[in-house]
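So in numbering that gives the first Met the number 0, spot 160 of the sequence shown is number 159, and the numbers just go up one at a time.
Since the hints were derived computationally from the structure, they do not count as laboratory data. Idealized CB from N, CA, C, for every residue including glycine.
For each label pair, taking beta carbons as the anchor points, the in silico distance ranges come out as:
1. G301 <-> L251: 15 to 21 Å
2. A255 <-> A93: 18 to 24 Å
3. V259 <-> P104: 26 to 32 Å
4. V232 <-> H102: 21 to 27 Å
5. E99 <-> P240: 36 to 42 Å
6. L317 <-> L251: 37 to 43 Å
7. P96 <-> V259: 20 to 26 Å
8. P229 <-> R101: 20 to 26 Å
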Amino acid sequence: MRAQDSATLRSAIADRPATARTTAPATAEATAAPRTAPGTGGSAGTAQAALGVLCFSFSFPATAWALTGFGPWTATGLRGVLAGVLAALCLAAARVPLPERRHWPGLLVVSAGCVLGFPLLTTLALRTSSTAHSAVVIGVLPLATAAVAALRAGRSGARPSRLFWGAALAGAVAVLGFTLVQSHGRPGLADLYLFAALLVCAAGYAEGGRISRELPGWQVIGWAVVAALPVTVLTTALALPAEPVEFGGKALAGLAYTAVVSQFGGFVVWYRGMAAIGVPRASQLQLAQPLLTLTWSVLLLGEVLPAAAPVTAVVVLLCIALTQRARV
Numbered sequence: 000m001r002a003q004d005s006a007t008l009r010s011a012i013a014d015r016p017a018t019a020r021t022t023a024p025a026t027a028e029a030t031a032a033p034r035t036a037p038g039t040g041g042s043a044g045t046a047q048a049a050l051g052v053l054c055f056s057f058s059f060p061a062t063a064w065a066l067t068g069f070g071p072w073t074a075t076g077l078r079g080v081l082a083g084v085l086a087a088l089c090l091a092a093a094r095v096p097l098p099e100r101r102h103w104p105g106l107l108v109v110s111a112g113c114v115l116g117f118p119l120l121t122t123l124a125l126r127t128s129s130t131a132h133s134a135v136v137i138g139v140l141p142l143a144t145a146a147v148a149a150l151r152a153g154r155s156g157a158r159p160s161r162l163f164w165g166a167a168l169a170g171a172v173a174v175l176g177f178t179l180v181q182s183h184g185r186p187g188l189a190d191l192y193l194f195a196a197l198l199v200c201a202a203g204y205a206e207g208g209r210i211s212r213e214l215p216g217w218q219v220i221g222w223a224v225v226a227a228l229p230v231t232v233l234t235t236a237l238a239l240p241a242e243p244v245e246f247g248g249k250a251l252a253g254l255a256y257t258a259v260v261s262q263f264g265g266f267v268v269w270y271r272g273m274a275a276i277g278v279p280r281a282s283q284l285q286l287a288q289p290l291l292t293l294t295w296s297v298l299l300l301g302e303v304l305p306a307a308a309p310v311t312a313v314v315v316l317l318c319i320a321l322t323q324r325a326r327v
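Whenever a hint applies, use it, and build me the whole structure from the sequences.
Spelled out as structure tokens, the structure:
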């Protein structure tokens, strides 16, 4: 019995390293796993992304209101400063640690695209372009976001189906056709601003949606606006003395909305939705954003609804339905 017990003890000791070797990789893999697998969020993720779209649909009318009292550079700078201060307070109150080094390149892309580039370029465009026209031009953003996300994922990521790309392209073509009709086939400087804005914003959306699989969405946009504070503070300091300022009710309301909702709150639910259902599918919900903004431009700003808008609306809504049913 002693010999048998000794043999059993030696066997157990010999087996310990093997057990450790087999469990360690599994533990490391679990630690590195994303917080949310894309495409598994279901209706909750879709609802969050849709709420983000609704929040963003008021951004252009709110920006137009802000421009009634602030210059474009001042409005952009103050928007970023207010959002940055709010985000810093939220991060400090929650005692959120600094993101890991591997997250910072993506966060800086979000900061450059969504916090600095898009707000400034669209604000400059709205000086000479109507809210309705600008909103429809930005309607190409969903296709650009899906394309950037696919390129970013490369061969290792899931590839959307042909039905998805066909529906997304059809929606983009409808939006572009609407734009050309409204501009009589001659895109102006405002259109160039808007197309540049949608490119940098698409990169920020795609990168933010990717990082939101590992970090909570509110932390992604929170760190992005905090990282942009040096630039937004400097912009505000230089622009305030150089541009006229009138503290009217609409101007202050528009500035408050763009800072609190457009630049921070809307992104919280938007990135959570993107992390839950995937960047390509979530991005196509934004095809509805121009149509919502058209409605707000008529109701809030008194702009005239273009005759082609209802037809474009039907086409875009059909495209949204197809992209949500297609395999991603």
